[in-house]
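Listed here are the chains, written in short residue letters.
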Amino acid sequence: MKQQFSIDYLLSNWNKTQIRLLGIWFIIMLVLPLFIDSSYILHIFIATMIYIFVAQSWNILAGLAGQLSIGHIMYFGVGGYITTLLFVNFNISTWIGLLAAAVGGGLLGLFVSAVVLRYGLKEDYYALFTLAMSQMLLLIFMNLPFAGGAEGIYVPFRGSNFLNLQFESKLPFYYIILLFVLLLSYFVYRLMNTKMGLYFIAIRENEMAAEAIGIDIVKYKRYATILSGALTAVGGGLFTIYTAYAEPNLVFGFSQNFEFIIMAVVGGKGTIFGPIIGTMFLKPLNEFLRAAYGGTLPGLAYLIYGGVLAIIILFLPSGFMGLFRRLLNKFKKN
Amino acid sequence: MSLLEIKDMTKNFGGLYAVKDVNISIDKGEVVGLIGPNGAGKTTLFRLISGFYKPTSGQVTFKGENITGLKPNEICKRGLSRTFQIVQPFHGLTVEQNVQVAAFNRYNKTGQTIDKAKEILEFVDLIDKKDFRADTLTIADRKKLEVAKAYATEPEIILFDEVMSGLNPKETEETIALIQKIADRGVTIFLIEHVMRVVMTLAERITVIHHGEKLAEGTPKEIQKDEKVIEAYLGEAIDIA
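Top to bottom, those sequences are chains A and B. Quick note: the first sequence, position 227, residue 227 per this note's numbering, numbers continuous. Quick note: the second sequence, position 92, residue 1092 per this note's numbering, numbers continuous.
Treat the hints with care, as some may be off.
Stated by the list, open to error - Below, a sample of chain A positions facing chain B; criterion: calculated Cβ distance under 8 Å:
#1 L10
#2 S12
#3 N206
Rather than coming from a laboratory, the hints here were simulated on the basis of the structure. Heads up, the beta-carbon is just placed ideally off N, CA and C, and yes, glycines get one too.
Bound-form chain A, shown alone (with noise of 0.2 Å):
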């Protein structure tokens, strides 16, 4: 028992110390709200909550299979309107809407997968392609007659309801949505033991040694696709469920899309717990110097938020995880 809190033992059962990461930060968030009375304090657990649950959808794109899916939001932004067009326009539960934007994102990943197939994209190529989709994927909706256009789609409240998602009080939401972070991160853990799992890291790490080995890539870069659009278009559904609103500039906008993204980065691509120590870090941070700043010296939050980002990402290559297994490191050496 003893030696399984050994720091030899941690270090070489790292995806299970990291599953023990996830156990505390689950504790902690159980028991949080006991401790907090301000309900705008609990809006930004949720908020930061909703942003892992996407950061860590990304990662297994991009952490696991190495994909640079840099304009990951179209999923996002997908998943938001179509839970929020079928609730809005036909009264559909959220969570039958939740299960369709998974299929529409899933659909949209198949779609941008036989694309890159088809003209052979990699890399940087990849990357711009995603984010060229994004941005077209924001114009379509902005002109879509029944999406509402430039202003977006409001969602109504239609009195507390499980079934909607919706609720007088922000508690439940922060419970529910912290059980969908806790399966999604459990799922990624389970997943990296998995062949699916090993071979979109095989793939990651080396993509000729993964074919010599008979591991068809394309296929399985289109698994990990479709996953991951799924998964963060899930993560729209519950944003814009959560904040009532789908506004295309926003569910498809670059500031949005980049922020899940350096979130995940900064916790470290790859890694189980990274996406939520990194968006827990970054996203209370974010919101709380545009509280404090943002009506006095605008711009400022901005400036500092920046700054800790540059620092962060000069200093810690591999992101807080990495840092976190250094200093492991370092204490087996002493």
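Go by the hints and put chain B onto chain A.
Below, chain B alone, put in the same frame as chain A:
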């Protein structure tokens, strides 16, 4: 019927022939060496066989099936595996996971592949380092890992591309023994080797290529005496210690 048949294999890179009209036939259970001076087209030939290059013309037949133009993973599935001259480990994975990923070529369950990986790491004498990340290994261990990965796909034939390069004499001896052990288990071996002594020890039959064309073929003894071969290697001392 031969296990692997290479017929009139030709690869032309913008007017230059890297490989031209090469014919090689390998029977099941054989250990065949492929030698030739630098730039002779040995690695190109391996790439053509394993699906990493598409031939300009010619055909590869494996177990009676035409596999020309198939993708590397499809060829690996059929039982032809290869190693790389510059080793290609999956850096971010542990040694065990590296072999495990390769074992998924034949098994679908995680448990089965872990057992298989352990068995193979035992076999190549790398089990002590199974939890190390691949990028922390020494060059000799990386070479072993490269062999382990190729073998874990459960191939009928393995193409070894200069597994001994960069190894000291002791490590070379160990690797020769390892390849011999794999051959003893019934796996057919086709190997490119620069160190003559290695080919002479391991191979039952040797094919020599020069400027992309087959120059000679025969037993190690015959090759050592072949005038054309000696001429091709002129200036490069043939070290047959």
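Evaluation of the provided hints:
no. : hint : verdict
1   : L10  : 12 Å, violated
2   : S12  : 4 Å, holds
3   : N206 : 5 Å, holds
Violated hint: 1 only; the structure is consistent with all others.
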